[in-house]
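Residue numbers (this note's numbering), protein chains in the order written: chain V, 1 to 493; chain Y, 1 to 115; chain U, 1 to 157.
It is worth saying that the hints were derived from the structure and are not from the lab.
Keep in mind that the hints are not guaranteed to be accurate.
Stated by the list, open to error - If you only want the chain V side, here are some residues facing chain U, beta carbon under 7 Å, derived:
| id | residue |
| --- | --- |
| 1 | Pro-19 |
| 2 | Gly-58 |
| 3 | Val-60 |
Unchecked claim - Partner residues are not named here, just some residues of chain U that face chain Y (Cβ under 10 Å, in silico):
| id | residue |
| --- | --- |
| 4 | Gly-42 |
| 5 | Phe-44 |
| 6 | Gly-62 |
| 7 | Leu-78 |
| 8 | Ser-80 |
| 9 | Ile-84 |
| 10 | Ile-89 |
| 11 | Ala-90 |
| 12 | Val-151 |
Stated by the list, open to error - Every beta carbon over 10 Å from chain Y, so not counted as near; a handful from chain V, in silico:
| id | residue |
| --- | --- |
| 13 | Leu-35 |
| 14 | Ser-104 |
| 15 | Pro-267 |
| 16 | Pro-365 |
Cβ atoms here follow ideal geometry from the backbone N, Cα and C, with glycine treated the same way.
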Amino acid sequence: MQIIPLFVAIPLGAAFFIPMVGRKNPRLSDTLANLVTLALLVMAISVIGKNGVYWMGGWVPRLGIPVGINLVLDGVSVFMLVTITLISFMATLYSIQYMDKFTSKSRFYSLFLLMVTGMIGVSLTGDLFNLYVFLEIASIASYALVAFGCQHEELEASFKYLVLGSVGSSLILFAIAIMYSLTGTLNMAQMSMQLGGGFQPIHLFAIALFIAGFGLKAALIPFHAWLPDAHPSAPAPISAMLSGLVIKTIGIYAMARILLNVIGLTPAISTILLVFGTVSMVIGVLLCMGQDDIKRFLAYSSISQVGYIILGLGLGTRLGIAAALFHLLNHAVFKSLLFLNAGAVEYATGTRDLNKMGGLRDKMPVTSATSMIGSMSIAGVPPFAGFWSKLFIIVACVQAERYGYATWAAGVSVLTLAAYMRLQRRTFFGEPKEAYANAKEVPGFMQVSMLGLAALTIFMGLLWIPQAREVFLTPAAKVLQEGLNYASGILGM
Amino acid sequence: MHYALVLMLFMIGLYGVVVKRNLIKIIISLVIMETAINVFIIMIGYRSDGMAPIMQQTMAPEVFVRTSVDPVPQALVLTAIVIGLGVTAMTVSIAMRLYERYGTYDVREIRRLRG
Amino acid sequence: MVDITPNRGMTPIVKTVAGWVRGITFLFGLYIILFGHITPGGGFAGGVILALVYVLMTLCCGKQKAFEKLPLHWAAELDSVGAIMFLIIAWLGMWSILGGSFFTNYIARWNPGLPYHIFSSGTIPLCNIAIALKVAASLFLIFMLLVTTKVVHGPNE
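Let's have the full structure, built from the sequences with the hints guiding it.
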């Protein structure tokens, strides 16, 4: 259990160490950053299946009342840790060569590792204000990373993202203050034990503020206005991290932890989540079909897939939550893959406009093959991983006797397939345009990272086999679904 | 009653973020919103006729627990103020770069991304 | 003493008084940092006061004087050093005593010291110093970069 605080301390220390040594020497900062993310990935895989609570500073609970901040390692935390470290390792591999065009790579890696620290902290913490602090660390690092190139669109997108993100964080802090004044404690386990029971109007106000604040971070549909501008304008590895990890960790995971473990899933909250999920799915895919810019297309599609995850979480059944978490992992993998592909296309041709592209399949074989794998997976074609997670979300809807939502989910899946096939045809197939006659394949590390993610997409479907599922997915789903038993687990240890 | 005043301050900040067109006014409204939240957090810890949570050398711990206001919100606000400062610094620097690129602070002119 | 050439910065009266106030403010900032575990204050507030000394120098005497005292790249290094010092103090808690955890106050368990005196409460004054270093360097960097530097575009923009 001594390894748990190292998850937060190692990227934080590296984030401050890299600018000191790497300012004159970009290769050194590359090596350090990749070593750190590889070490985090190995550590995360080594804690699969373990549970534990770590009280910081040795302040263990006295007489059953928590007096300190704790870090919790249970099924969901391990699940999120593996997701975060995997995608960040692939993104740092990719940025070895992609970020050569930008100056000051050491500052890029420093901000990147700060973002990773924030996300890992959000996944591990068991204290509500600590969650807010780590959430702000990750958000501020991502505001800076979106504006990294300092071109016109990047600055405008970053400003929009910043203002909306700050409003979301203020709403979350407001809700945390109200919950502290109602229960007298900030520890999530003790708060859920104090709350257990009916809700007065002031509790409902806090719950509404939580849903609005985390909805702004996760880009659900009424709150999505920043996402289609921020994700395309960022550099490609940052778009992959933002779309694949940040909106899921500080948006969906934090909302799920608070709404399911601390407050408990009532039928009203469940309906709200189901409605938001369905609206996000439908409107996301309808808006993405008319886009001309590859990355804007992928950004709207992210909104749609996040709707699927919220739909699964809102169902509240064991199968629904397991399928939603599996879709979270799958979407992280294949959306990062698609964003890295879009970045590779931009690196080779210098444009993101779909009207100007075509026929890149012969010149960029690795990129087009991995892009086809990613598109088929996100559209739900068997036997790729995306098919299984979408299938089980629909099965869970039918099992919970919510047939309307199941029909919407199936319809959106068909529309996604159509949209992605159109994207593939316009980018890679068809006649090559003369303007891009000398487009060549991207350099080595970028190919390695794209191939790694594509291999994961193909084989991730095997995680649903019962032997693999028991190790990885079922503990995660069990923790979230049993809701209020979280508290007795923590305080009993 | 005092909570209603804090909520009104928060709403003024939110109104500024939504309605105002000048980038600098949006930044100031964000700062007003964060200040309102900080004041709210401190007000939560108040106890009637309490004293400041500083322990003096001649005071017994029981007297301290009985009469002082809650010190936890004050520690939370310390952190929240510094976070707000960091966000404000970043917003201001992005606004300065935006002015230098677009030549205007008007939000309606800074609109290259649409669709 | 102070450079009272009248054609850089503000008038000689302002520069002289600022020269006296500078030293006292710096000392006051150090007092708030070091006594942060007894009186209100601590790392954040003390670091802000330390950074304000340099802001005062910039406003009164021009930016060259401020950069003479603390060049920009040193401030960036101090920033990182402060953060790494804080992490090392916290990490040593895991190894110092048997069964220690990450932020354990090992100095207090080894040698508690008298309450209400300066050498008490273990690692907290050391953490205050590290945080103050970081906050002062960060605020100095923010102010100097926003106010006294200008963006110059490269040849291909």
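message = To test your reading of the hints: which numbers does this structure violate?
response = When the structure is compared with the hints, numbers 3, 6, 7, 8, 9, 10, 11 turn out to be violated.
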